[in-house]
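All residue numbers for the sequence shown refer to numbering that gives the first Met the number 0, where the first residue is 0 and numbers rise by one.
Take these hints with a grain of salt, some might be off.
[Claimed, not checked] Label pairs and their calculated CB-CB ranges:
1. Q35 / A70: 15 to 25 Å
2. R8 / R84: 21 to 31 Å
3. R8 / D48: 23 to 33 Å
4. E82 / L46: 43 to 53 Å
It is worth saying that the hints were derived from the structure and are not from the lab. Beta carbons: idealized from backbone N, C-alpha and C, even for Gly.
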Amino acid sequence: MNDAFITRRYQLTPAQYERLRALAAARHVAEDEIVQEALELLLTGTLDDRRDWSFASADALERVWDNPDDARYDDWRELYAIEPR
C-alpha cells in the first residue's frame with residue numbers, strides 16, 4: 000500500500016462494524032487494512048471481475064449448502080422437534 004494516506008470518516012452500522020472488527024481480529028491486522036483491501040478490490044476490478052467473483056462465491060456457497068450432509072438441516076424444525084407457531 001502507498002505510504003501517503005488521507006484521513007476520512009465514514010459511518011457504519013453496528014453490524015457492519017462488528018463484522019469489520021471480527022475480520023480484522025481473525026486476520027490479526029488493523030481494521031484500516033481490511034477497509035483498504037476491500038476498496039482496492041472493489042475499485043481496481045472491472046465489472047466482469049466483480050461478476051466473476053460473485054459467481055465463484057455463489058458456486059462455493061451452493062457446494063457448502065446444497066449437499067446430502069447439509070440437507071438434513073433443511074427441515075430443522077422437525078429435526079429439533081420444534082412445533083410451528
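Quick check on a hinted range of 21 to 31 Å for R8 and R84, using CB atoms only. Violated - the Cβ-Cβ distance for R8 and R84, about 43 Å, lies outside 21 to 31 Å.
Whether the CB-CB distance between R8 and D48 falls inside 23 to 33 Å: Because 29 Å falls inside the window, the suggested range holds.
Is 43 to 53 Å a correct range for the gap between the Cβ atoms of E82 and L46? With Cβ atoms ~48 Å apart, the hint holds.
If you check the beta carbons of Q35 and A70, does the distance land in 15 to 25 Å? violated (40 Å)
Checked against the numbered hints listed earlier, the structure breaks hints 1 and 2; every other hint is satisfied.
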